[in-house]
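*Asks:* Listed below are the residues making up each chain.
There are 2 protein chains.
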Amino acid sequence: MNQSYISEDAWKIVETGFNPDRVKASESIFSIGNGAMGQRANFEEHYSGPSFQGSYIGGIYYPDKTKVGWWKNGYPDYFAKVINAPNWIGIDITVDQIPLDLFTSKKILQFTRVLDMKTGLYSRSYELEMPNGIQLKASVKRFLSMKEGESGAIEYNIELLSEKASFDISPYLNGKIKNEDSNWDDPFWNHLEAEVNDQSAFLLSKTLKTEFHVCSFMHAELSLNGNPLGDPCKNFNNENKLGFTTAINLSKGDQLTITKYGGYVTSLHHDEHQLKSVAKQKISSSLEKGFQSLYDDHSDCWSQIWALSDIVIGGDLNAQQGIRFNIFQLNQTYTGRDDRLNIGPKGFTGEKYGGSAYWDTEAYCLPFYMTTKGPEVAKNLLKYRFNQLPKAIENAEKLGFNGGAALFPMVTMNGEECHNEWEITFEEIHRNGAIAYAIYNYENFTNDTSYIPEKGLEVLIAISRFWSQRVNFSNQKNKYVILGVTGPNEYENNVDSNWYTNYIARWTLKYTINQIHKGKTQWPEQLQNTTKKTNLKEEEIDRWLEITEKMYLPFDAKHNVYLQQDGFLDKEMMTVDQLDDDQRPINQNWSWDRILRSPFIKQADTLQGFYFFEDDFTHQELEDHYNFYKPFTLHESSLSPCIHSILAVRLDKMKEAYELYLRTSRLDLDDYNIEVEEGLHITSMAGTWMSVVNGFVGLKIKEGMLSLKPKLPQHWNSLSLKINYRGAVLTIHHENNDSTFQWSGEKPLDLLLNDHPITVNSSKKLNPTL
Amino acid sequence: MNQSYISEDAWKIVETGFNPDRVKASESIFSIGNGAMGQRANFEEHYSGPSFQGSYIGGIYYPDKTKVGWWKNGYPDYFAKVINAPNWIGIDITVDQIPLDLFTSKKILQFTRVLDMKTGLYSRSYELEMPNGIQLKASVKRFLSMKEGESGAIEYNIELLSEKASFDISPYLNGKIKNEDSNWDDPFWNHLEAEVNDQSAFLLSKTLKTEFHVCSFMHAELSLNGNPLGDPCKNFNNENKLGFTTAINLSKGDQLTITKYGGYVTSLHHDEHQLKSVAKQKISSSLEKGFQSLYDDHSDCWSQIWALSDIVIGGDLNAQQGIRFNIFQLNQTYTGRDDRLNIGPKGFTGEKYGGSAYWDTEAYCLPFYMTTKGPEVAKNLLKYRFNQLPKAIENAEKLGFNGGAALFPMVTMNGEECHNEWEITFEEIHRNGAIAYAIYNYENFTNDTSYIPEKGLEVLIAISRFWSQRVNFSNQKNKYVILGVTGPNEYENNVDSNWYTNYIARWTLKYTINQIHKGKTQWPEQLQNTTKKTNLKEEEIDRWLEITEKMYLPFDAKHNVYLQQDGFLDKEMMTVDQLDDDQRPINQNWSWDRILRSPFIKQADTLQGFYFFEDDFTHQELEDHYNFYKPFTLHESSLSPCIHSILAVRLDKMKEAYELYLRTSRLDLDDYNIEVEEGLHITSMAGTWMSVVNGFVGLKIKEGMLSLKPKLPQHWNSLSLKINYRGAVLTIHHENNDSTFQWSGEKPLDLLLNDHPITVNSSKKLNPTL
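Line by line, the protein sequences give chains A and B.
For reference, each letter of the first sequence is one residue, going 4 to 773 in the working numbering.
For reference, each letter of the second sequence is one residue, going 4 to 773 in the working numbering.
Any given hint could be a false lead.
Identical copies look the same in the list; a pair holds intra-copy or inter-copy alike.
Distance condition first, Cα-Cα at most 27 Å in a straight line; then the derived DSSO-like pairs of lysine-lysine [claimed, not checked]:
1) K355 - K68
2) K482 - K561
3) K386 - K279
4) K121 - K144
5) K181 - K68
6) K27 - K75
I should point out that these hints are in silico values taken from the structure, not numbers from a laboratory.
Pulled out of the complex, with its shape left as it was, chain A reads as follows (with noise of 0.2 Å):
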């Protein structure tokens, strides 16, 4: 199923030859980004063929009204959706008056991409023959650079093989671009203003309706083989595409090297009537410190990145190059230093699923960032939601919840709901447990026994207060139900008691009420603050302790498992197994009304609950549920095979569990669900490394404690990797059933491994005192 045509290599992402069928899905696979900016691998010369232009800048957005087919009281007004913006990297280049185009050349002789995920560049070469029997040779480099963040650089080299030719060189800024993902093709960006200034250009844009200040910026520079070039022939600004082109001949071998910089200046980080002297002042800065040097900075953040977030397998490159791709895109989409960012399904990649912040932050995102990166970063994901909150309670309350009860979008940018479907924004309420989890995951992790005091409690009361509404008596079944849901598992909508839901909204209540017991004794005054401020009374807190003794979870005692929902037994239970090739993905060759009758499920959702709740649940309880629900599992949804090959290790179903990871690491660059081309699964690829460092190395916090597993499918030799475990860094080497560590903390670091409880000492790289 899977048609990869990427080379094995441990750092590098490598396509060789060219083949414009592929061009989209490369366009994603080779995107880059700064976490504040992101571009797809679009070509910097014009290319004619089928291409998905894109470039997109972090928290920029806008409010696309929503399409739907018949508008009901509740639905959101808007899907936000991530914007496509100016185009700075384009370099329109003719020889002899022919545009250089790789689609329409008479002849590729060569053509490499490769991203280079140690360093974080992306460089192509080519050598072609064109229309007009001119071959010429070209290599371009491309980073977005992680240390300056608004800004970038191209350096793009050309050879003329033939024995001349005249070229015009003409680097531009493109103002002129849309979104493919539009409801109704309406214009996002108002530009303002477009300067060509010498070999500079600036473009002054607001978007429509939420008003963001962007200045794109660019500037070039030519050199013929190594000595600069003069002045500019011409500046140009056709209808917002603005550069300036130079003319110039050359001889066989010569070498033309282009050098641009560029990047957007936005509102969010400075005054929106500076930006384009900003502007400048990053142009000035990136050339007082030209393309190596920039690099070389650039390439050092990406060495601390990795001295802290890399995973070594030994024995598998397939494995290995799948597992440093996932943590490179991770990078390049969030690096966590501004609370107003988030994670959007698609990063930088593509315009799919609009918005930033999914659950898939809380539930996926959250402890890859908090393991590699720090506390902080994690802060200032679970910030995001706090500081949404009250737009949490106006949704609910759109929905006809009151009180202060807090539903938190399915999809959002600035904490509104936005996505089109009541199916989902009304039904797919389970995100609101991941979120309060989130929390407790975090305190749990960290032990940073401040957050929920100042901040989260605020949050977990809230949306113990949804829950306590959202919930139903039925004096039929004498229990509390919740009706009307969609859970993970989005091939079921609006189905009554999804058993994910319940388990979540009862662990919800209860989490909140230990909270509370908990800063009585031991945050009085916090508790106190938090009462006040939120108006909660003890009748509420009564409530939610009756509610979690009631709540109904579906059962069935023949299978001996819980239901995903009721009434799941009432389908025809067809298995996976009984479905023909040709009928997969489902989601493509089945009718919706086909798919939701079926028992199919997309992703893991009572699976999910024995992943967060694996404590709670006996080893046989998860062998049968995993036993029950994995014939009819899909695993459509890019979310899911990680968790169920975490589930695998710990059945030690260790094939199975090493063909899910496999399928999860590389799902992108194998794109088992022929869609990458539209992006890559940014957020999937957080739980690739949770099926690592959650499956094969078995790391959980157990009574507080770190508790490790180690336990490697079969042909690994190898797995090391970092954590950043409460203020200092443990090394696991694991080889041979055998873990060594390392620990950079003063005191000695106590851990279970494998239950045992051992000491790792710091300093010295150590097997563990057993």
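Got chain A; can you put chain B on it based on the hints?
*Replies:* Just chain B now, kept in the frame of chain A:
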């Protein structure tokens, strides 16, 4: 809750006094139509206040690309929209250069609208003072000829009350129109040619995509104090608004009359290249006859309609006006002459809901047309679906069904499904049952046994095949279930085991099997042809039988009722009387989320089944179910109160039956749902008729015999109506608990009166021979 400004009158709808706030409502209520076209009661002269302009032509539609948040496989491509057609009624009038416009006039001294239902005449009179102080009065008459079909006429009289004034009179045809209900603001029309020729104007247009050709036409003549005025001053054509202007000076007491003829000829009925010449003939013929004679012909048609369809209620003017208004509008909407037309939910009075055929046709409208017109009209409605069977099979194939299974559309113009929402199109499959039921209903009532062998069986087989594939066997329940449906109660979406759907599916399968058995002995050759044509296999029939034997019907032993759907009792069983008035209608005040989770019923669902299949249940069962569901039923669908009213009569709850009757019969006149300005609830008007005929008269067919059980609301003195029954007319008069009959048939008619067999002899008016 209701807000009526319409005076009570047995034959007229009268509005007195001008109020701009009710212009849009009156535009709906005073709508006129002749089955082939219709118009909202827009003013002829310019009106600058809030108004909803609408002229519609039967069978002319636009396939508007569907608007969905997230397209999934099987979603319909388009939503067929009723198109607003060029307006031919317009007459711009200026008085001393100031536009005559009720919205901007200084004073309105008198204003009256009258819809004379007896003759189908819409008239209006007013007296006003213009902003420039000029006073005048006017009276306007308008009708769309029931005889001619394609044309109508207007007579507009103006009398000057001031000393003198100059008038510019500009009758026009206006192609600058757009739909309020448009998904993408696409243009729906392409105007090909405009011609103004003397006092006539023609606009040749083509609908986009569907390519219907339409020639809109008009001709106007002016006379002063009865003397024709000469040639028009000036023709104009301003971007497809075309006509002529005549200037004239009037003195006090002068009477200016504008007589205007207009209409549409279309490629549905004529060669598209001949349309203009046909239109010219229409104008000539109108001119030859003149307004009065055209009106006389039109009025004669209405006499004939009323002769068969009138219902006379003694002693209740309000109810009398209500029932006539419903009968009048149903006749304006559909005449039954053209088997390509059907009865759109808003007829020609608005755009909402698009399409022309819903299940309303079979479940509500068929009995009205069958009984007040005759079997040929009912048969045309059945043929409409028969002709669309291939498309219904395609609709099912798009969802993954096969082997000739048909899913008739929820909404259609040409047989293709065309609605925006999956929860409706994929899931509201009970419509298929209503289409099968209509075949039964037709044969049962008319005793025309030829339709099923000729056409009906093919439809029944295709629908049975659908049910057979749509059920699945639940091992859990050891029964066949139907998962993922929306029942008639659209305040539930995607439920499992909806009782009504399961019941009508089982009924269809049984009925189809019975018809096949009957065919074996009674029409073996036609059966063989159909079997061959449909490739029907014995195994299929075996499976149908098995399904009928094992169909699951949700039942609750405690309440001793069938449940609307599985899990209905898990809801918080709040009743309608616990709802504050300001919460209703909940579809305007509650979020969709809250509605879906509530137990509230939009329209009769389980009780709809009790209405269709009354004979399957005991009186006690009916009573139990009525009493159980009534407290949850909001009647927020116009199709609901009539069913409850009929059943209430059965249960001798006469006060309740009457209240529900008034609500259905005066739904639009009294604007119960605060939405009449969007158009009238045409199809529910047939439900009103049912509530009199099947309710108060108790008409049904019982074992092949006409059965009546007249029972009137307390203060009705009498009730008279006619029934076109099996080739002759039965007149029924009920008064003082006594029924008298007149029968036009040659042979005596045996019927059941209050379950007693009686015989009604022909020719004479008689009390029945008991």
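*Asks:* All hints, please: hold or fail.
*Replies:* We went through each hint and held it up to the structure:
1. K355 - K68: both (16 Å within a copy, 21 Å between copies)
2. K482 - K561: Result: close both inside a copy and across copies, 21 Å intra and 17 Å inter.
3. K386 - K279: This pair counts as neither: shortest intra-copy Cα distance 31 Å, inter-copy 70 Å.
4. K121 - K144: within (14 Å within a copy, 84 Å between copies)
5. K181 - K68: both (16 Å within a copy, 21 Å between copies)
6. K27 - K75: between (37 Å within a copy, 22 Å between copies)
Hint 3 alone, counting from the list given before, is not met by this structure.
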